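For the protein sequence lines, the chains are A and B, in the order given.
FYI, the working numbering numbers position 212 of the first sequence as 212, with every residue one higher than the one before it.
FYI, the working numbering numbers position 222 of the second sequence as 222, with every residue one higher than the one before it.
Among the hints, a few may not be true.
Said to hold, decoys possible - As a list, the in silico BS3-like pairs of lysine-lysine whose alpha-carbon atoms are at most 27 Å apart: (1) B:Lys61 <-> A:Lys85; (2) B:Lys159 <-> A:Lys85; (3) B:Lys140 <-> B:Lys61; (4) B:Lys140 <-> A:Lys85; (5) B:Lys159 <-> B:Lys140.
To be verified - Covered by chain B, per the in silico footprint, the following chain A stretches (three or more residues, Cβ under 8 Å): (6) 93-100; (7) 150-162.
Stated by the list, open to error - A partial selection of chain A residues facing chain B, derived with a Cβ cut-off under 7 Å: (8) Val9; (9) Val10; (10) Ala12; (11) Asp89; (12) Arg249.
Read the hints as simulated data drawn from the structure, not as lab findings.
If you're wondering where the values come from, they're calculated on a predicted model, not measured in any experiment.
For each residue, glycine too, the CB sits at the ideal point set by N, CA and C.
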Amino acid sequence: MSRFFHDTVVLAERNLVRLPRMPDLLIGFTIQPVMFVLLFAFVFGGAISTPGFDYVDFLIPGIIVQNTAFGGFVTALGLADDLTKGLIDRFRSLPTSRASVLAGRTAADIVTNTLSIAILVITGLIIGFSFGTGALDIIAGFALMILFGYAFSWIFALIGMSVSSPEAANGIGFTLIFPITFISSAFVPVDSMPAGLQWFAEINPITIVVDAMRALWLGVPAGNNVWGAVVWCLVLIAIFAPLAVHRYRRIAGG
Amino acid sequence: MSETETSGTAISARGLVKSFGDVRALDGVDFEARRGTVLGVLGPNGAGKTTAVRVLTTLLKADSGEASVAGLDVVEDAPELRSQIGLAGQYAAVDENLTGIENLVMVGRLYGMRRSDARGRADELLERFGLSDAGERIVKTYSGGMRRRLDLAAALVAKPPVVFLDEPTTGLDPRSRLDLWETIESLVADGTTVLLTTQYLDEADRLADRIVVIDLGRVIAEGTSEELKERVGGIRVEVHLTDESSAPAAADALAPMSTEEPAVDGDRVSVRVESETGRIMEAARRLDGAGVDADDVAIRRPTLDDVFLTLTGRELSAEESGGEADREEVPA
Numbered sequence: 001m002s003r004f005f006h007d008t009v010v011l012a013e014r015n016l017v018r019l020p021r022m023p024d025l026l027i028g029f030t031i032q033p034v035m036f037v038l039l040f041a042f043v044f045g046g047a048i049s050t051p052g053f054d055y056v057d058f059l060i061p062g063i064i065v066q067n068t069a070f071g072g073f074v075t076a077l078g079l080a081d082d083l084t085k086g087l088i089d090r091f092r093s094l095p096t097s098r099a100s101v102l103a104g105r106t107a108a109d110i111v112t113n114t115l116s117i118a119i120l121v122i123t124g125l126i127i128g129f130s131f132g133t134g135a136l137d138i139i140a141g142f143a144l145m146i147l148f149g150y151a152f153s154w155i156f157a158l159i160g161m162s163v164s165s166p167e168a169a170n171g172i173g174f175t176l177i178f179p180i181t182f183i184s185s186a187f188v189p190v191d192s193m194p195a196g197l198q199w200f201a202e203i204n205p206i207t208i209v210v211d212a213m214r215a216l217w218l219g220v221p222a223g224n225n226v227w228g229a230v231v232w233c234l235v236l237i238a239i240f241a242p243l244a245v246h247r248y249r250r251i252a253g254g
Numbered sequence: 001m002s003e004t005e006t007s008g009t010a011i012s013a014r015g016l017v018k019s020f021g022d023v024r025a026l027d028g029v030d031f032e033a034r035r036g037t038v039l040g041v042l043g044p045n046g047a048g049k050t051t052a053v054r055v056l057t058t059l060l061k062a063d064s065g066e067a068s069v070a071g072l073d074v075v076e077d078a079p080e081l082r083s084q085i086g087l088a089g090q091y092a093a094v095d096e097n098l099t100g101i102e103n104l105v106m107v108g109r110l111y112g113m114r115r116s117d118a119r120g121r122a123d124e125l126l127e128r129f130g131l132s133d134a135g136e137r138i139v140k141t142y143s144g145g146m147r148r149r150l151d152l153a154a155a156l157v158a159k160p161p162v163v164f165l166d167e168p169t170t171g172l173d174p175r176s177r178l179d180l181w182e183t184i185e186s187l188v189a190d191g192t193t194v195l196l197t198t199q200y201l202d203e204a205d206r207l208a209d210r211i212v213v214i215d216l217g218r219v220i221a222e223g224t225s226e227e228l229k230e231r232v233g234g235i236r237v238e239v240h241l242t243d244e245s246s247a248p249a250a251a252d253a254l255a256p257m258s259t260e261e262p263a264v265d266g267d268r269v270s271v272r273v274e275s276e277t278g279r280i281m282e283a284a285r286r287l288d289g290a291g292v293d294a295d296d297v298a299i300r301r302p303t304l305d306d307v308f309l310t311l312t313g314r315e316l317s318a319e320e321s322g323g324e325a326d327r328e329e330v331p332a
């Protein structure tokens, strides 16, 4: 077991060291989210009515959830790339704990997601976002986002190993995650949507997570949303981590 | 197999079979490499070379058959076996976004070495492979030959007793190929057992103690390089005549050079010789003495194509060979 942690740390470190050398990727979780925040806040902000909130306060938890859902794309790209380039074979030929390749990959996402979330919060604070709760709730919100991002990393891990190229991983990831994050309470109040979309948005787990974030950061009454969001993240990990590991064993031919 | 034989055997494959769908990539492969020797696995694209390497390095499970490396079974003892092997492949599996040093340190740590030990070993290998100056550079900036050398260095980080090199020089320019050959030779001098796959007879000839030729997932010939060349007619002096009608005279003139009859094929006459040295001059002198004009006199060394033509009766162009798909088109 200690071997597993050791190897996971070595591989997570590798994933992080190489990151600053891929500027195009770095833009994906630094500048791009900032751009989205600014676009939404200033282009749509005036047109979207969010009774009881400033739009910026409404927006920031929602856009952080969307951005964090996307955070794992680095895992999909990285794994697809490692497979095509033969790195996975190299790792598998070493006396390395086999689960550590995926664990090291998703663990690196925790670091990049944290960075990305911090950038978004700072951007939000600059353009007028303010927390409406105490320190513990704010920290709980950060923790929930990191757990949520980690769950999505496993979904992306499965995608990364199920496609033929890094480009395809990117395409599938975006096609999947854009609709489920947009048809939720992330950007607009759900009751402003047409009936069919409203139905989907209400059962959409993203809505549960966004509402949980608003509860933790804005002080909106939470209902069961916070625990619902935590359970939902754990369920995702429980489903997708074993699927990804299984897929890894299969494609690797072992 | 007796105890003494086992102790001298570093790599052993017995009746390996592996199918991918309808294609039998390995169709009952047997071979063995003795400790401290180089085994060349020679064959065209799609012959099953890489599949065999993947089975022996625990990356792939065979459908049937047995294999062991360094006395360890590839299935039962896989985790332990992995600490005894190094693998370098034709795809140069190094992380191109890490520096040379970072790549080697990472691999060392994954073998279970301490960071400082891995760093020391990395410096040592970079020095040995002529990459010291490039160690701090990101691999993306490396040439193809440098990447292969780094890949090979990565395979040697843990000083494994058995090293697998899957087509180490495919796609390299002649200069880098020679460099890599020299590196591999120095490796063998250290007592490492090497399994080398290649499409090139000259590469196997230069590096391997024994060669197995595989085709369509089967071993079709085995022996030393000399024995294989013997089977395909050895080294020949080939003469391209100016006038086809002088072929009988040329054959008579060249006959004393060999114990075998010269072969005549249109305006080409060739004769088997034991060694290359001085043979072109001798042939030219003899033809001149017999008053026969020739456009070209050359030494012809056997190639993988000759080995194939002789062993399988079919022509082979390694570059154009369609790999596994050949199987359906070529009668066995």
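Right, here's what the structure says about each hint:
| no. | hint | in the structure |
| --- | --- | --- |
| 1 | B:Lys61 <-> A:Lys85 | holds (21 Å) |
| 2 | B:Lys159 <-> A:Lys85 | holds (24 Å) |
| 3 | B:Lys140 <-> B:Lys61 | violated (33 Å) |
| 4 | B:Lys140 <-> A:Lys85 | holds (13 Å) |
| 5 | B:Lys159 <-> B:Lys140 | holds (26 Å) |
| 6 | 93-100 | holds (count 4) |
| 7 | 150-162 | violated (count 0) |
| 8 | Val9 | violated (9 Å) |
| 9 | Val10 | holds (5 Å) |
| 10 | Ala12 | violated (11 Å) |
| 11 | Asp89 | holds (6 Å) |
| 12 | Arg249 | violated (11 Å) |
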